[in-house]
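Trainee: Chain D is already provided as a structure; the job is to place chain G on it using the hints.
Protein chains in written order, with our numbering: chain D, 1 to 180; chain G, 1 to 59.
Hint data in this document are derived by calculation from the structure and do not stem from the laboratory.
Note that this is a predicted model, so its numbers are computed, not measured.
A portion of the hints provided could be inaccurate.
[What the hints assert, rightly or not] Listed below are several chain D residues computed to face chain G (Cβ distance under 7 Å; list not exhaustive):
#1 63
#2 64
#3 66
#4 67
#5 70
#6 73
#7 156
#8 159
Backbone N, C-alpha and C define an ideal beta-carbon position, used for all residues, glycine too.
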Amino acid sequence: MASIITATVSSGLTQQADNSGVLQLASGTGNLVTVPSVTGTAMVSGNMPAFSAYPSVAQTLSSSTITKILFGTEEFDTNNNFANSTFTPTVAGYYQVQGHIQPDASYSAGVVAIYKNGSLYKYGSYNANATGVAPPSMSCLVYCNGTTDYIEFYASVQTGQSLSASSTFTWFQGCMVRGA
Amino acid sequence: MLYEKIKTLYPELTAEDFDFIKGTILLQNDSDGKGDYIAKWEHSLPRPTQEQLDAVTGA
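Chain D on its own, in the form it takes in the complex (with noise of 0.2 Å):
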């Protein structure tokens, strides 16, 4: 039982209303939705992309020189915004990146970041010329465009080395978490 609001091509609006106090938005004939019962912004789920990706092949970075990641493989890729290590939703809002790279060898020094639209946006954990440290992460927000802005993870390591192409180990996810 709801009160029901539908967009039809042939009708336009029409709605349908009953004693339940739920709401529901219909478009077409065959996707409903109900309008949560919540104070403030309501968000409906649908069209929120989210990609998750890893290295298809171990990557080699040069000492110190903040490089672009490499994730030819995806584990998911909702909206089929993810490609060429590059992230360039279709949506417009408000994104949650994150990312972790995992050295090969031993490891005391180096940043993670996002960059966006070829331009460093946020760098992640960082360490310096330390010992028995954990390899960098980091996760931001980030608000897209949904036509032009594109996002790439970086890594560098003071030591130059390769990258595990494990999914577990390197990797790059992102989710819309708020429209424009």
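Mentor: Chain G alone, transformed into the frame defined by chain D:
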């Protein structure tokens, strides 16, 4: 590699000079097949020319 070539030209440079965040020299590679390049050079030493880098062998 570019880092090794620069170190050959300027052995006095330290890891701190190439520090990812606080250093005066930033090397970058966009994984587009064009290789490593100097994205930032704010060190007091003169920025090496391409000819100088090309002349370095064994690095």
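Trainee: Now tell me, hint by hint, if it's right for this structure.
Mentor: Going through the hints against the structure:
Nearest Cβ of chain G to the Cβ of residue 63 of chain D: about 4 Å, under the 7 Å cut. The hint holds. A distance limit of 7 Å between C-beta atoms decides the matter here; for residue 64 of chain D the minimum to chain G is near 4 Å, and the interface restraint holds. Hint status for residue 66 of chain D: holds, given a least beta-carbon distance of 5 Å to chain G, under 7 Å. At about 4 Å, the closest approach between the beta carbon of residue 67 of chain D and any beta carbon in chain G falls short of 7 Å, and the interface hint on this residue holds.
Hint status for residue 70 of chain D relative to chain G: holds, with the closest Cβ pair at about 5 Å, below 7 Å. Taken as an interface hint, residue 73 of chain D does not check out: its beta carbon lies about 15 Å from the nearest beta carbon of chain G, beyond 7 Å. Taking 7 Å as the C-beta cut-off, the interface hint given for residue 156 of chain D holds, the closest approach to chain G being about 5 Å. Because the closest C-beta pair between residue 159 of chain D and chain G is about 9 Å apart, greater than 7 Å, the hint is violated.
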